[in-house]
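Visitor: Using the sequences provided together with the hints, build the complete structure.
Number of protein chains: 6
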Amino acid sequence: MRLLLLNPNTSEALTERLATSARTVLPAGVTLQTVTAKRGFPYISSRSEAQVAGAIVLETLADCGDSWDGAIVAAFGDPGLLAARELFDRPVVGMSEAAMITALSLGQRFAFVTFTPRMVPWYEEQVRLAGLTGRFAGTFLPDAEMGDVTRVAEDMATPLTLTCQRAAQHADVIILAGAPIAGLAPVIQDDVPAILLDPIRAALLQCVTNVTLSPFGAWAGSMATPPGKDSTGLPEALASQFLKGAQGLAD
Amino acid sequence: MRLLLLNPNTSEALTERLATSARTVLPAGVTLQTVTAKRGFPYISSRSEAQVAGAIVLETLADCGDSWDGAIVAAFGDPGLLAARELFDRPVVGMSEAAMITALSLGQRFAFVTFTPRMVPWYEEQVRLAGLTGRFAGTFLPDAEMGDVTRVAEDMATPLTLTCQRAAQHADVIILAGAPIAGLAPVIQDDVPAILLDPIRAALLQCVTNVTLSPFGAWAGSMATPPGKDSTGLPEALASQFLKGAQGLAD
Amino acid sequence: MRLLLLNPNTSEALTERLATSARTVLPAGVTLQTVTAKRGFPYISSRSEAQVAGAIVLETLADCGDSWDGAIVAAFGDPGLLAARELFDRPVVGMSEAAMITALSLGQRFAFVTFTPRMVPWYEEQVRLAGLTGRFAGTFLPDAEMGDVTRVAEDMATPLTLTCQRAAQHADVIILAGAPIAGLAPVIQDDVPAILLDPIRAALLQCVTNVTLSPFGAWAGSMATPPGKDSTGLPEALASQFLKGAQGLAD
Amino acid sequence: MRLLLLNPNTSEALTERLATSARTVLPAGVTLQTVTAKRGFPYISSRSEAQVAGAIVLETLADCGDSWDGAIVAAFGDPGLLAARELFDRPVVGMSEAAMITALSLGQRFAFVTFTPRMVPWYEEQVRLAGLTGRFAGTFLPDAEMGDVTRVAEDMATPLTLTCQRAAQHADVIILAGAPIAGLAPVIQDDVPAILLDPIRAALLQCVTNVTLSPFGAWAGSMATPPGKDSTGLPEALASQFLKGAQGLAD
Amino acid sequence: MRLLLLNPNTSEALTERLATSARTVLPAGVTLQTVTAKRGFPYISSRSEAQVAGAIVLETLADCGDSWDGAIVAAFGDPGLLAARELFDRPVVGMSEAAMITALSLGQRFAFVTFTPRMVPWYEEQVRLAGLTGRFAGTFLPDAEMGDVTRVAEDMATPLTLTCQRAAQHADVIILAGAPIAGLAPVIQDDVPAILLDPIRAALLQCVTNVTLSPFGAWAGSMATPPGKDSTGLPEALASQFLKGAQGLAD
Amino acid sequence: MRLLLLNPNTSEALTERLATSARTVLPAGVTLQTVTAKRGFPYISSRSEAQVAGAIVLETLADCGDSWDGAIVAAFGDPGLLAARELFDRPVVGMSEAAMITALSLGQRFAFVTFTPRMVPWYEEQVRLAGLTGRFAGTFLPDAEMGDVTRVAEDMATPLTLTCQRAAQHADVIILAGAPIAGLAPVIQDDVPAILLDPIRAALLQCVTNVTLSPFGAWAGSMATPPGKDSTGLPEALASQFLKGAQGLAD
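Residue numbers (my numbering), protein chains in the order written: chain B, 14 to 264; chain G, 14 to 264; chain C, 14 to 264; chain Z, 14 to 264; chain W, 14 to 264; chain H, 14 to 264.
Any given hint could turn out to be false.
Identical copies look the same in the list; a pair holds intra-copy or inter-copy alike.
As the list claims (entries may be wrong) - Here are the simulated lysine to any residue pairs, SDA-like style, with alpha carbons at most 25 Å apart:
| no. | residue 1 | residue 2 |
| --- | --- | --- |
| 1 | Lys242 | Thr146 |
| 2 | Lys242 | Glu158 |
| 3 | Lys51 | Ser24 |
| 4 | Lys242 | Asp82 |
| 5 | Lys242 | Gln178 |
| 6 | Lys242 | Ala252 |
| 7 | Lys257 | Cys77 |
It should be emphasised that the hints constitute simulated quantities derived from the structure, not laboratory data. The structure displayed is predicted, hence computed values, not measured ones.
Guide: Here's what the structure looks like:
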């Protein structure tokens, strides 16, 4: 099984951080390849950046051709997730979605802990879009200002631990939301009276599950690849993916 | 007041159809400029196409610079709407959203009538994302196959009328969903026992309202323009818009 | 287009305050007539008062005959709104409903700021009845005691500004709820980091929109005028309106 | 314990029908007095009629002075219920609300069966206002046309039985909705594989319960009687009730 | 009418406390028999204990044979309630459910006040399972540590009163949750500005109502007794009840 | 990793069927042990049977001591799941819950297809308790009568395939609900235009995921093991598990 960890941010350092955490739970017989967005933003932190990054996710998956059996969109907020799940005929998972649904089988309420208020409304729109508002205990933030995005996990370990302790009064499962804090969970777990979830690990395992189950795949339904379609001005591999579409279907 | 009707499809014929319908309700003193996506798809009909088109909406709005006071994303499903509302400091409205919220003040339940099943799941995700599921009576479709997308309103007038009659048993307000059937409402209204809503007209009027109210604007909140940010490989005007960001804010 | 601003309170001073604010956004070609309830309460502030006032709204609209193309129920909480929408075959809008649905296209979450706790449960029942709980961030109140109801906007400007600042931490759009604070929004907007909505202006513009769209009217559906019906002991114009009912329908 | 059955319709025949059914479950030591609306409609069947009838409910309760310990608003749809509960310091219950909440302890899903489509949207708004949508299986109607409203239970017994059989495929508990079919449940129960609920009996028993529990009454909360208030042009007893308001409270 | 108060805890002192409170509202002509669980836990305070206690509720009801016309599961959280309602062909009510639905007709929002945090998640799962989240204002707890479970009502009267005062800012009706505080409501009511509900009294009266209405019983629907079934290793009376099942039905 | 497949039914044939399907997706390095309930019902098919079976699940898990790292409650409807998750300090998953949450990452709407109407209400209560109603497309059933429960998958393959085709018009993912049809998915997948999910396989993989993630375990939260507690009349191993409770915690 060949999995692809796709970082929609352009920062290679984030890719490395995510892959390091993901590899701690990589099952035997599964390989993990990484790819970093060639264009876009160093670190996505708004809805508008995510809209652009979602299109780049599709480009990047198309560029990677048939080299993957399942893909992980490795940015919290899942830019482009539903679009990618539809366009490609292989499992695609996202960090937010995988963390939320894994949380559902570990406790009753889940919360997000993150490090900057900018993404909160967009994160919470994902909860609503997923129909999981009834299990959601809210987003919790430290007061401290975030500094260098590649060092958040180290610089903010203490305020994030305090924030997790506060969140633990409202939720059974705490999702450490945001690629820059991948890998923080095992560092602070002894100080937090709740289940800590590292979204990239949840996403890696969800992807393994979905690829394992995929032989019973769909050739229809709302996530089926759409019929082939012409386009103008798209990157070549992506245009080709849209043109190919589902085999044998006319629009 | 200078409004911009932005068609995220590349079809000029659709732009013309939409503008013709919109102009029937254009108030005195309001000008309506149109722009058609330079790249993308002739007619968006899937989530993945909408993801790409949403990024193109941002590019196109950036290209239009300061020539507009309010903009209408003129494709049902509202590709890129929330992102555009966030990135630009002027009102941006969408056909789906405007039609749904206008429907809320005309009757108790609204339904969608459209002409092809492919967009239904994506349309319904917009209802859920908007939190309006409790007022939604479902999507209704004719059995007939759609032919040429630019002639849907004419070719399918009869099956769409029958479909509206069926929808009228479940809803007070029927939204004719999809750019290709803009302008159909007045043609068939005498045969349908419900309020018919033409989304482009609802969107035009919603945009006028929001621009009129906008002096009490926000300089914060989740739809405030994000702080300026560097990017790589984006079209120039869009990169410049992201770089400029909100005045005087540092990330 | 002839609009009617109907104040269900008996206070002429409130009518004047509402009309003054509404006229700031009156489009060219639209006339605004006002009418004040002839019986009832100086200022509605409970469910039971609103129940009586709702019946008076129907009486007053019937008294005004065919002099209006669209009407605005100008009391927050919308007494009699759905009943009036049903009984008359012309658009009727309300301050709460119009403010809430306008807010939906300006931001993600809306809040109410008001000046007395008595109406809060009733206001919140309107949110639930409208099915908009998922977008509602709650009601926020100053600690200060309200004094003379006709001078609330002036006397409480400072505590209301502070309350708006508090509400802005939870909502993108703040609705200034209650006729006595119509017109306050532009006064305090520079001090509040959120979109401020003056419900009477939103209602005026919603009414213009609905009248503009109304040629595609309904002659059926749940908001259609009911069949004619006899009554006993109602004011004459209202009895006549009920007796007339929908043309050509038998119960 | 002195209970008041208040029929907001002006039809004495309906009052008699309702009282006859209610008396079959009247506990020892409880007396049931009836009162019929002096003005209004023979049979309420629209939102606008219900708005007017709700105000008449308040008038009628005020007219009855202190002669009652608990009151039943005896029209399905509960015109004026929340207003009456607020204005008077004694328990007031309604047929719709009492039937729905009793159904919650008898099965998982409840349905309405009624005899005319006109009231359906208003009935369903009561379900939404009560927050019980998640337990509601919908409204079921016979195809047959209703004739004389005072003879519905007899004339339509067969089509209503068939409708109940259909509803029983979706619901555990069927509420026979509408005053004209009070007393029908025992007649048709042997032919319906579900629990049949006669709303007037549920309401009578709910009223007994609430009066029994009432010594632990509230002197605050959203259903507390509002402070005294002046009014203009209201019937004398009602004006006096509003003027009296809650003892010792200033607005 | 012969009612059975079944305490699923093994503590006779709790049974006595519950019965004492219930008897204050016992109608003429109704007898109340009590039974205490023969095995299980002195005081249920977790989901796992409630799972076991729910099975014991079924055993105990089977042991009591035909001696009862209606039964009350007298532990807040309602262990085994839906199972008992299904297995036996007579009304079974629970303290949580009866208190919640009674609250719905007394005010708009209800809250729980209880004395230990351990049961809170399980209590709140009952609210969600009942579909009543939209009317629920949350659970409120004193800071004080609970001591002897049989003396909670006396030892914690002051902190519970303060907690009720806090809850009254969010709810119209306060449910005193937990068998050990049965009977506390009348003691503290003068100090709490909200309606206090003693769940065992609400349950007793709900049971009277349901037995009174039961002649229109169901012989189908989801709460109908299942077809007879063999079992292994169950207590004899319970096995016999399962074996008997519904008369004349084959699985 | 040592997983335990616990069949709460007493039928060894069902255990074997479930284990056969589960083993097709068993990862390298994971062992799967099975255990069949020693007492209870051959096949659970009602709420009351599930209540008893849930208690037996706790007994059986206690009997198995420390021989397992994660457990699967292998009956659709998940008897005893939340109780077991709470009582034991290791991951416990259920077939319904695992299938539903896996479905959330494969498509937008999921449906149940099952073979007997008796369990439907209980299955749907699990959807509501899980807060997943917004993603649920309903339960679909064949008209055919079920015969021998151990041969359902073979005897009803054709009617179940037709039912799946019907469900595929409403859902992207179809969950084949019920232990007796474990393993049917691959047999019929070529004839169903939707993603088919075999709950036991989803549960096996969910259990692997949760055990893999479990080092970041909770020592608090609502699923933490309760404090130790005495009991009367419980099977010895279960009593001992309750007595032990969480280490170092006093109630």
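Visitor: Please write out, lowest number first, the hints stated earlier that are contradicted by the structure.
Guide: Violated hints: 1 and 5; rest satisfied.
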